[in-house]
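S.K.: As a plain string of letters, each chain reads:
There are 2 protein chains.
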Amino acid sequence: AKSNEPQAAPPVVHYYMNNVTNSRTPVENSETVLILTPLARFYQEYWDNLLKLSYPHDLISLGFIIPKTKEGNLAYTALQTQVTKTQSGPKSKRFASVTILRQDTENPLQSQLESERHKMENQKARRAAMAKARNSLLFTTLGPTTSWVLWMDADIIETQPTLIQDLAAYDVPIIAPNCFQRYYNEEEKRNDIREYDYNNWIDSPTAKELAAKMGKDDILLEGYAEMPTYRSLMAKMYDKSGDPGAKVKLDGVGGATLLVKAEVHRDGAMFPPFAFYHLIETEGFAKMANRLNWESFGLPNYLVYHYNE
Amino acid sequence: AKSNEPQAAPPVVHYYMNNVTNSRTPVENSETVLILTPLARFYQEYWDNLLKLSYPHDLISLGFIIPKTKEGNLAYTALQTQVTKTQSGPKSKRFASVTILRQDTENPLQSQLESERHKMENQKARRAAMAKARNSLLFTTLGPTTSWVLWMDADIIETQPTLIQDLAAYDVPIIAPNCFQRYYNEEEKRNDIREYDYNNWIDSPTAKELAAKMGKDDILLEGYAEMPTYRSLMAKMYDKSGDPGAKVKLDGVGGATLLVKAEVHRDGAMFPPFAFYHLIETEGFAKMANRLNWESFGLPNYLVYHYNE
Ligand SMILES: Nc1nc2c(ncn2[C@@H]2O[C@H](COP(=O)(O)OP(=O)(O)O)[C@@H](O)[C@H]2O)c(=O)[nH]1
Ligand SMILES: Nc1nc2c(ncn2[C@@H]2O[C@H](COP(=O)(O)OP(=O)(O)O)[C@@H](O)[C@H]2O)c(=O)[nH]1
Ligand SMILES: [Mn+2]
Ligand SMILES: [Mn+2]
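Chains as they are written, first to last, in this note's numbering: chain U, 1021 to 1329; chain G, 1021 to 1329.
Hints may contain errors.
In silico lysine-lysine, DSS-like type, Cα no more than 27 angstroms apart, as pairs [as the list claims (entries may be wrong)]:
1. Lys1307/U <-> Lys1228/G
2. Lys1144/G <-> Lys1307/U
3. Lys1233/G <-> Lys1233/U
4. Lys1072/G <-> Lys1139/G
5. Lys1139/G <-> Lys1088/G
6. Lys1233/G <-> Lys1228/U
7. Lys1144/U <-> Lys1209/G
8. Lys1307/U <-> Lys1267/U
9. Lys1209/G <-> Lys1228/G
10. Lys1307/U <-> Lys1307/G
11. Lys1267/G <-> Lys1072/G
12. Lys1228/U <-> Lys1256/G
13. Lys1236/U <-> Lys1269/G
14. Lys1088/G <-> Lys1228/U
15. Lys1236/U <-> Lys1144/G
16. Lys1139/G <-> Lys1228/U
17. Lys1233/U <-> Lys1228/G
18. Lys1236/G <-> Lys1144/U
19. Lys1269/U <-> Lys1236/G
20. Lys1111/U <-> Lys1072/U
21. Lys1233/U <-> Lys1269/G
22. Lys1139/U <-> Lys1105/U
23. Lys1260/G <-> Lys1209/G
24. Lys1139/G <-> Lys1307/U
25. Lys1236/U <-> Lys1233/G
26. Lys1236/U <-> Lys1228/G
27. Lys1088/G <-> Lys1105/G
28. Lys1307/U <-> Lys1269/G
29. Lys1236/U <-> Lys1088/G
30. Lys1307/G <-> Lys1269/G
31. Lys1260/G <-> Lys1236/U
32. Lys1269/G <-> Lys1256/G
33. Lys1260/G <-> Lys1228/G
34. Lys1233/U <-> Lys1209/G
Just some of the chain G residues that point at chain U, by a computed CB distance under 10 angstroms [as the list claims (entries may be wrong)]:
35. Pro1031
36. Asn1038
37. Thr1104
38. Val1268
Since the hints were derived computationally from the structure, they do not count as laboratory data. All C-beta atoms in this analysis are idealised placements derived from N, C-alpha and C, irrespective of residue type, glycine included.
With the hints as constraints, model all of the structure from the sequences given.
M.R.: Okay, here's the thing in structure tokens:
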């Protein structure tokens, strides 16, 4: 603009938080959804699945945070290519906006191999780093008009196209589908499915006793034989012939796929990168939300699928 | 726009968190500052003081959250009038952007009178509500390019015009000036100053012992004779003839005036609305930041002034 042109006054925006609703029928109410993905590796299947979501894309904003690693650079380039393609493609597929953050902290683990990631001694540092990445992404992208936040890991490659509507219809503060994985069952010589994510659980007396005896910075981890917690794992509750709409109350949640009412985060619920009631990251998030009087739920028979490395 | 016009692709934004710096010389580096104010009452002196800040206004964004009360409505109208005036006035005084949020929760206290606010039995509910208001404001307005967050209460009516530069020059994660109040000293028949904010303190063995004996949801409060903590209060450290640049390490901070590097918040540091190590709100924030390895500091001899009701 020329310097002698009258300049528009800078933006002043007023928001009535009352008008930012969360309802069972978010599409009808034009509620906006922010999909947040920490992304270390890019899978085309993840992006294709995202594009198939039937929630109106003009009500969806995307946010990514990518680590400052060689692998992160590759993921960044691949993501950019797809974003550019989608955002200049058919209007009905375009998302309202896309924000891509590059992390400024080093990754505490050299290797992203599943075997390395899941080693128990590596878990605390890794999950603290993940928690900080999630917080950075959340604090930076949550806006005044966001109604829902859908956390979706970059290796979730298959969901129902109606995922958002299906989860929102339960009208609860925090809700997680059951995260499974497709694989080839060598014994039975056929394609099969198996449980993947153990972070969705109901607490147990054993876990509480373990926690009570721990040092203040120690954390409980789920899914390790060395530390049996006897928590009830949602992964184990899947019942093929059960009620597809079954819903259970959870004490810990995973972030692989998780729908959260934005007001839960706005009240202050974040992902503790430190031991919070001996819990960390997404499991600590469920506990923190609970301290803010928000409840978490899970859908044992509603599946989403994790990539099989 | 006509429906057959080619439509611009929706925004895709890329941010390198590395490039969002915090330095001793933020003006030279064009670092953006987000000034956040929970506002229940509007004081013209607060606004006039804000306008006098010499930090370039085009690098400053403002964010307000206003309660859903009669008093809040009045404050909202008064604020709007001033915002409109400033944002359509001389360019050098205009702020980069202004966001005004109206809270959707009821105020737990009926009366905003100082005597009511400061009653000990009212403190926990009141400070939990304040913490949630601060979190809502923070989560909603912090953007990807924000370098600094300046928390400034609506009843801070006098600071140095160089406040931001002065505090940033210390190059520490969290820093609080000393919050005083002007009053008429009846005894000495002259205008005088006295301490106001007791939330900036260094921890004490007594406070730690008190905390150790408390129920898990109980909180320690500062400035109440019923509960002497023997913490070292920054308010009491003011020394008129001391080093004006003196800096002390703090364990608890107030939010009346507080400069925070945005990365501290991005890591997840928020204002706990629940007992966090028996601390709540801004004092809990300092503790949480500490758990995230960020330190808090105070300037005993650098004063800002609170309104005298
Ligand atoms: N920003 C960021 N994302 C990461 C990092 N490590 C993993 N991720 C992503 O975070 C999500 C969860 O990590 P993942 O390794 O799949 O966890 P797992 O499935 O529980 O083993 C995935 O979307 C990863 O791509 C990291 O260091 N930074
Ligand atoms: N949004 C919001 N702001 C509030 C509320 N109560 C007080 N405030 C503001 O929060 C700040 C701190 O509150 P104040 O009552 O001054 O605290 P005190 O000085 O410690 O007694 C001031 O800027 C108030 O205007 C509330 O319920 N909601
Ligand atoms: Mn994964
Ligand atoms: Mn005040």
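S.K.: Give a verdict on every hint.
M.R.: Each hint, compared with the structure:
{"no.": "1", "hint": "Lys1307/U <-> Lys1228/G", "in the structure": "25 angstroms, holds"}
{"no.": "2", "hint": "Lys1144/G <-> Lys1307/U", "in the structure": "20 angstroms, holds"}
{"no.": "3", "hint": "Lys1233/G <-> Lys1233/U", "in the structure": "18 angstroms, holds"}
{"no.": "4", "hint": "Lys1072/G <-> Lys1139/G", "in the structure": "34 angstroms, violated"}
{"no.": "5", "hint": "Lys1139/G <-> Lys1088/G", "in the structure": "22 angstroms, holds"}
{"no.": "6", "hint": "Lys1233/G <-> Lys1228/U", "in the structure": "21 angstroms, holds"}
{"no.": "7", "hint": "Lys1144/U <-> Lys1209/G", "in the structure": "62 angstroms, violated"}
{"no.": "8", "hint": "Lys1307/U <-> Lys1267/U", "in the structure": "19 angstroms, holds"}
{"no.": "9", "hint": "Lys1209/G <-> Lys1228/G", "in the structure": "41 angstroms, violated"}
{"no.": "10", "hint": "Lys1307/U <-> Lys1307/G", "in the structure": "18 angstroms, holds"}
{"no.": "11", "hint": "Lys1267/G <-> Lys1072/G", "in the structure": "25 angstroms, holds"}
{"no.": "12", "hint": "Lys1228/U <-> Lys1256/G", "in the structure": "43 angstroms, violated"}
{"no.": "13", "hint": "Lys1236/U <-> Lys1269/G", "in the structure": "24 angstroms, holds"}
{"no.": "14", "hint": "Lys1088/G <-> Lys1228/U", "in the structure": "40 angstroms, violated"}
{"no.": "15", "hint": "Lys1236/U <-> Lys1144/G", "in the structure": "25 angstroms, holds"}
{"no.": "16", "hint": "Lys1139/G <-> Lys1228/U", "in the structure": "36 angstroms, violated"}
{"no.": "17", "hint": "Lys1233/U <-> Lys1228/G", "in the structure": "21 angstroms, holds"}
{"no.": "18", "hint": "Lys1236/G <-> Lys1144/U", "in the structure": "25 angstroms, holds"}
{"no.": "19", "hint": "Lys1269/U <-> Lys1236/G", "in the structure": "24 angstroms, holds"}
{"no.": "20", "hint": "Lys1111/U <-> Lys1072/U", "in the structure": "14 angstroms, holds"}
{"no.": "21", "hint": "Lys1233/U <-> Lys1269/G", "in the structure": "32 angstroms, violated"}
{"no.": "22", "hint": "Lys1139/U <-> Lys1105/U", "in the structure": "38 angstroms, violated"}
{"no.": "23", "hint": "Lys1260/G <-> Lys1209/G", "in the structure": "20 angstroms, holds"}
{"no.": "24", "hint": "Lys1139/G <-> Lys1307/U", "in the structure": "30 angstroms, violated"}
{"no.": "25", "hint": "Lys1236/U <-> Lys1233/G", "in the structure": "16 angstroms, holds"}
{"no.": "26", "hint": "Lys1236/U <-> Lys1228/G", "in the structure": "15 angstroms, holds"}
{"no.": "27", "hint": "Lys1088/G <-> Lys1105/G", "in the structure": "24 angstroms, holds"}
{"no.": "28", "hint": "Lys1307/U <-> Lys1269/G", "in the structure": "31 angstroms, violated"}
{"no.": "29", "hint": "Lys1236/U <-> Lys1088/G", "in the structure": "39 angstroms, violated"}
{"no.": "30", "hint": "Lys1307/G <-> Lys1269/G", "in the structure": "13 angstroms, holds"}
{"no.": "31", "hint": "Lys1260/G <-> Lys1236/U", "in the structure": "42 angstroms, violated"}
{"no.": "32", "hint": "Lys1269/G <-> Lys1256/G", "in the structure": "15 angstroms, holds"}
{"no.": "33", "hint": "Lys1260/G <-> Lys1228/G", "in the structure": "31 angstroms, violated"}
{"no.": "34", "hint": "Lys1233/U <-> Lys1209/G", "in the structure": "61 angstroms, violated"}
{"no.": "35", "hint": "Pro1031", "in the structure": "5 angstroms, holds"}
{"no.": "36", "hint": "Asn1038", "in the structure": "5 angstroms, holds"}
{"no.": "37", "hint": "Thr1104", "in the structure": "7 angstroms, holds"}
{"no.": "38", "hint": "Val1268", "in the structure": "25 angstroms, violated"}
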